[in-house]
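Since the structure of chain A is provided, determine the placement of chain B on it from the hints.
Chains as they are written, first to last, in our numbering: chain A, 1 to 184; chain B, 1 to 184.
Since the hints were derived computationally from the structure, they do not count as laboratory data. Do not rely on the hints blindly, as some may be mistaken.
Identical chains blur together in the list; that is why a pair holds if it fits in one copy or across any two.
[Said to hold, decoys possible] Once the Cα atoms are required to be at most 20 Å apart in a straight line, the calculated EDC-like pairs of lysine to aspartate or glutamate come out as:
no.	residue 1	residue 2
1	173	157
2	60	40
3	149	93
4	166	68
5	166	122
6	149	159
7	149	10
8	166	93
9	154	98
10	166	114
11	169	114
12	170	122
13	173	36
14	72	101
15	170	114
2 protein chains.
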Amino acid sequence: MLRWGHRFRDQRVTTHVALVARAFGASKFILTDIRDQTVETTVEKITANWGGTFGFSMGKPWRGVVSDWRSKGGIVVHLTAYGENIETSNVMERIRSEDKDILVIVGSQKVPGEFFSPSVSDFNVAVGNQPHSEISSLAVFLDRLYGGKELAVKFKDAELRIVPQKRGKKMLKSGKQSTKEQQI
Amino acid sequence: MLRWGHRFRDQRVTTHVALVARAFGASKFILTDIRDQTVETTVEKITANWGGTFGFSMGKPWRGVVSDWRSKGGIVVHLTAYGENIETSNVMERIRSEDKDILVIVGSQKVPGEFFSPSVSDFNVAVGNQPHSEISSLAVFLDRLYGGKELAVKFKDAELRIVPQKRGKKMLKSGKQSTKEQQI
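Excised from the complex, chain A in its bound form:
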């Protein structure tokens, strides 16, 4: 998952994008062109506590990331409100039928026009054609790509694990073999 166009005021939004990538089954988050230590620290802390193997890198130029990916046979999906509508078009079927590793690009309002061109993106996908958020776009794209199964995955080596309940909070802390539970 490639995040482009992060500015300082986007710090919390970029962090949410990264956490969505992890929670919805992506294997890695790449913050291109700039570095942001706060985002890195938050994401690495979440992965350490909540388990799984989620990669994080930052600072590389986006062009190199895209061309490396394509040279290894992967495809690129650019999420944009201008793209083919995920609900009314057959774009998800066409993406699935490629059966290749996918690099998802999530930009901001002003992405370079090049992102839409065949030299960068194989598909331009719109999670609806209304303005909302790169966070929601990524979540719904991955939820539909994986058919919802990503939300049932148990992350390995987790220190913290929630036990889903109808009421209250139940969290297991594996290191201490203890249970913190709040019933209401």
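Using the frame of chain A, we list chain B on its own:
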């Protein structure tokens, strides 16, 4: 849709929550307990440009909003990572079978314990039991609730409308009957 626990640093996140509510088919956004003029201005500008009738209110205490809703026969869904898993439980079927108007509560990390109790929430729903974002939680909940149909809706009286395309950007400006198009 009720948003609780907004702090100043959450301004962009709260705005994204509101835009998701609108784009994914909710009829109204209620920012409880506090007021934030920037959020209101952004949401009203989006609705004016992109159409539809999306309500916005702020400043009312959450308790009153919830009790009013319930007294009118509506149900309350609290989105929380601790709740019943949207993928592995039958919670969505149970919500749909109620066939009632739904108030969705989206909080922040530290919501009052009361939110989990039967006096506030009819259902506690987790969009996965991993930490991510209130923005993604709301989007996926509404996407599944409406079976994706919300992303195909055409908003009435829109000044701006995107024409989905495989490549490039195409936007219609209805007031001027003109078309701005960028093909790549």
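Item checked: Copy assignment of residue 170 with residue 122, given that the CA separation must stay at most 20 Å -> Classified as between; 18 Å across copies, 43 Å inside a copy.
Checklist line | Up to 20 Å CA-CA - residue 114 versus residue 169, copy category | finding: Answer is between; shortest inter-copy Cα gap is 11 Å, intra-copy 46 Å.
Item checked: Status of residue 68 relative to residue 166 across identical chains (alpha carbons, at most 20 Å) -> The answer is neither: 46 Å in one copy and 23 Å across copies each exceed 20 Å.
Next item on the list: Measure nothing new, just compare the shortest in-copy and cross-copy C-alpha distances for residue 72 and residue 101 to 20 Å and report within, between, both or neither.
Entry: Answer is within: at 9 Å inside a copy they meet the 20 Å cutoff, but 49 Å across does not.
Next item on the list: First find the shortest C-alpha distance between residue 166 and residue 114 inside one copy, then the shortest across copies, and answer within, between, both or neither for a cut-off of 20 Å.
Entry: Only across copies: residue 166 and residue 114 sit 13 Å apart there, 47 Å inside one copy, limit 20 Å.
Next item on the list: Using 20 Å as the alpha carbon limit, work out where residue 60 and residue 40 are close: within a copy, between copies, both or neither.
Entry: within (14 Å within a copy, 37 Å between copies)
Next item on the list: If the cutoff is 20 Å on CA atoms, where do residue 173 and residue 36 land: within, between, both or neither? Let me know, please.
Entry: This pair counts as neither: shortest intra-copy Cα distance 29 Å, inter-copy 37 Å.
Margin query: Cα distance capped at 20 Å. Does residue 166 pair with residue 93 within a copy, between copies, both, or neither?
Written below: between (35 Å within a copy, 14 Å between copies)
Notebook entry, point to check: 20 Å Cα cut-off: does residue 173 pair with residue 157 within a copy, between copies, both or neither?
Noted result: Classified as within; 11 Å inside a copy, 52 Å across copies.
Item checked: Within, between, both or neither: residue 166, residue 122 at alpha-carbon 20 Å -> between (42 Å within a copy, 9 Å between copies)
Next item on the list: Could you place residue 149 and residue 159 in one of the four classes (within, between, both, neither) given a Cα distance threshold of 20 Å?
Entry: For residue 149 and residue 159, the Cα distance exceeds 20 Å both inside one copy (22 Å) and across copies (38 Å).
Checklist line | Intra- versus inter-copy proximity for residue 98 and residue 154 (alpha-carbon distance at most 20 Å) | finding: neither (27 Å within a copy, 30 Å between copies)
Going through the hint list in order, the structure does not satisfy hints 4, 6, 7, 9 and 13.
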